[in-house]
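Let the sequences and hints guide you as you build the complete structure.
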Amino acid sequence: RGSSAQAARLMLFAARIYIQSNSGADGAALKHLLSCLSLCETLHLDSLYCEATIELAVVHNALGSPRKALSSVRGIISRVLENCPGEVQADALLTMARSLMLLMMMMEREDNRASAASSSSSISSSSTSSSSAVARRAAAARRQRSRRRRQKQQAANKAKRKQHAYLTTASSCLQRAADVCTEIGATERLKRCLYMLARVYHHGGLVEQRDAVARQVL
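7 is the number of the first residue of the sequence shown in the working numbering; add one for each residue after it.
Below are the BS3-like pairs computed for lysine-lysine, each with C-alpha atoms no more than 30 Å apart in a straight line:
#, residue 1, residue 2
1, K164, K74
2, K158, K74
3, K197, K168
4, K168, K74
5, K168, K158
6, K166, K74
7, K74, K197
8, K37, K74
It should be emphasised that the hints constitute simulated quantities derived from the structure, not laboratory data.
Here is the structure:
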């Protein structure tokens, strides 16, 4: 068991080296993390499993899959906050906030693309005929356009509510992470928390809160 546990720790260490190298070696990091997680499950190494899951979420974010990252962290966050050291708690909260920020940006890009497609596909038509058949078709077309506008508006409102929820959760995660970092004296992690929190406030148009947090970083 001892040698297997040491092997799991080495796999996590190797994965972190790949992640921090910023050399595009996410695939290699992913391979080591999955092997580490498998060993941790077999040996019931709960704390190490949580650390590896956080790094897995970091890789998912780097690969453009923030939903997978968020799902990974949400699956362990209660255990992390109850049982893991402060540094691990802060990393989990930071990674969760990062996933939420990426999701917000993805949703905004999708909204922008949908708006552009809607604008480019709008076609105006006119007819000089006054026949009843043409009039009925025109009325049906107007009703269909009206339905589509309502559906688009409902979708836009739903997306805005979801973005607001992401924003609120991200700021809560970062505020809690900042508290943890302050408590354990993790200065560099605290700076990362505050920088990300300022970005979240900026994204939400909360200028006063953004400036107040930014002053703490300087």
